[in-house]
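Participant: Sequence:
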Amino acid sequence: MTVKIYNTASRKIEEFEPLESGKVRMYHCGPTVYSSPHIGNFRSFLMADLLGRHLRARGHDVTQIMNITDVGHLTEDDIEQGEDKMLAAARREKLDPFEVARKYEEEFVASAKILGFDLRNYVMPRATDHIPEMQEIIQGLLESGHAYRVGDGDVYFSIESFGRFGELSGKVLEDLESGARVAVVDEKKDPRDFALWKTDAKHLMQWDAPWGRGFPGWHIECSAMSRKYLGDQFDVHTGGEDNLFPHHECEVAQSECFTHKRPFVKYWLHCRHLRVNGEKMAKSKGNFFTIQDLLDKGFKGEEIRLALMTVHYRKPMNFTLEGIEEGRAWMERVRDCRARLLRIREGLETAGTDSVGGVLAEKREAFGAGLDDDLNIAASLAAVSGLVTDLNKLSPSVEAASAALALFRDLEDWIGCLGAEPVVEKSESGILWGGEPTDPRRADLLTQAAAREAARAAKDWAQADRLRDEIQAAGFRLVDTPDGPRLDPIS
RNA sequence: GGCGACGUGGCCAAGUGGCUAAGGCGCUGGAUUGCAAAUCCAUGAUCCCGGGUUCGAAUCCCGGCGUCGCCUCCA
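Each residue of the first sequence is one higher than the one before, counting from 1 in my numbering.
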């Protein structure tokens, strides 16, 4: 029952053993808050969330840091254009850059909650709140000769000073043709050196620094915040595949040169980029979805979560609306199974005498084994499908139904995409109501269901079928049972 | 150009040397039903192509075709 994960650093699947037994420290490259988060961002964060949940399920005490990048990334292209993405957003939206950051941070948090993240498990530090910590590292790197100053206050990291640069990503420095596609900044000693601190009088986000008022380079924030919250060395660092190079490579260089400890990170995980309708997702193509886009189409957070998680994180995934719908149908089957168990437990449906202990143990085992295997969630979901099929075949006792429901809750906590436990109640008329107790349509639908029962008793099939169709159009499935009718919500 | 990934029934997707190739969605048929729905059962795969290694390959090796990713901001 050992967790195994693929470590980008070794390019192998390794047995997971935290640096400190029982305690796991993870850092997740979080959102850049200059625009609405999209499903691609969340695929990566969901990988991190799943790993965190699984390690907790396996008994580890897990600390998760997810940074908020609220300072514009300084890139070579941005130097040419004169403003970074944060500033561009500020200009576009006629807001202060800090206001832009807070606005999209709030949107990110709201979307994350909708997707089932339990944010109490995360510490979410903002880059702009950690300028001193960044400066401490920059200062240290200057003093140890790994960084150098240029001009009025720019500071660059010297790649030449770190022999292992490129080890994580497998990039050979000689292959990186300097100046091929990026503008050569003359002031650098080596075109591949990257900025730790930049000065620019026109920049709207600036802080005082010993070497000149300015703003931090892109990579330094993660080195600073991971060190502050997790220490010089920690267990897991995650991000999208694009972060591998240069971002994570630069982090390793900065952190290891500053702390003189290695490895900076024991396990690196990178999530493959999402595609949409067979194409690379890109804002320029307009083929990306925000969470709100999908909610507007009528999908629920848990359905979006499931759709983004079903494909293994290192496999290319093609996101389609059909894909979400497929998952929705699967979830409905799971929910129907749980609803029946609930009715049995509550005495609303005739209980049987079957015990389910063996089935529950077998499927729980298979479920966990799937996740142990580098988060092979497809195998785990197959175990859930098998669980549903097996339970549907049986006629569980009240105790068995109760135990099965408990397992479903357990599995739901484990991965967060099975959906909530259904509800059921016996209405005044005796018809079972499987919708929310507060649903405003409850009274009307129950009345229609009762009218249909009357029509059926009178063998007025046309009237009965018409009423059933109306009920279905309202989003409920009318089910005839030996004990009378029942209304279940349709996803 | 450098590095890398993937190609499994209509669709999605497990499986990386050995029982009858998971599971889901969909389709069709059966049981059930007044008819349905749900449920159960049944039906469906030359595992991209061509070689090779092996007693044995979807799984390893070589070649090809195709799709895609990173190398530049992007999760």
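No wet-lab data here; the hints were simulated from the structure. Hints are not guaranteed to be accurate.
[Said to hold, decoys possible] Simulated crosslink set (SDA-like; lysine to any residue; CA at most 25 Å straight-line): (1) Lys393 with Lys300; (2) Lys113 with Glu133; (3) Lys300 with Gly434; (4) Lys12 with Arg58.
[To be verified] Derived Cβ-Cβ restraints for the label pairs, each shown as a range: (5) Asp465 with Glu325: 24 to 34 Å; (6) Glu14 with Asn318: 24 to 34 Å; (7) Lys12 with Leu119: 28 to 38 Å; (8) Gly386 with Gln206: 56 to 66 Å; (9) Leu348 with Asn318: 11 to 21 Å; (10) Lys261 with Gly323: 41 to 51 Å; (11) Ala457 with Arg120: 14 to 24 Å; (12) Ala201 with Lys12: 47 to 57 Å; (13) Leu348 with Ala282: 47 to 57 Å; (14) Glu17 with Ser402: 35 to 45 Å; (15) Asp439 with Pro132: 13 to 23 Å.
Quick caveat: nothing in here was measured; it's all calculated off a predicted structure. We put the beta carbon where it would ideally sit given N, CA and C, even for glycine.
Participant: All hints, please: hold or fail.
Facilitator: Outcome of the hint check:
1. Lys393 with Lys300: violated (29 Å)
2. Lys113 with Glu133: violated (29 Å)
3. Lys300 with Gly434: holds (18 Å)
4. Lys12 with Arg58: holds (21 Å)
5. Asp465 with Glu325: 24 to 34 Å: holds (26 Å)
6. Glu14 with Asn318: 24 to 34 Å: holds (28 Å)
7. Lys12 with Leu119: 28 to 38 Å: About 32 Å separates the Cβ atoms of Lys12 and Leu119, which means 28 to 38 Å holds.
8. Gly386 with Gln206: 56 to 66 Å: holds (58 Å)
9. Leu348 with Asn318: 11 to 21 Å: Because 42 Å falls outside the window, the suggested range is violated.
10. Lys261 with Gly323: 41 to 51 Å: holds (43 Å)
11. Ala457 with Arg120: 14 to 24 Å: Distance hint for Ala457, Arg120 is violated at roughly 53 Å.
12. Ala201 with Lys12: 47 to 57 Å: Once the Cβ atoms are compared, 48 Å apart, the range 47 to 57 Å for Lys12 and Ala201 holds.
13. Leu348 with Ala282: 47 to 57 Å: holds (51 Å)
14. Glu17 with Ser402: 35 to 45 Å: Since the Cβ atoms of Glu17 and Ser402 sit about 37 Å apart, the hinted range of 35 to 45 Å holds.
15. Asp439 with Pro132: 13 to 23 Å: violated (53 Å)
In this structure, the earlier hints numbered 1, 2, 9, 11 and 15 are contradicted, and the remaining ones agree with it.
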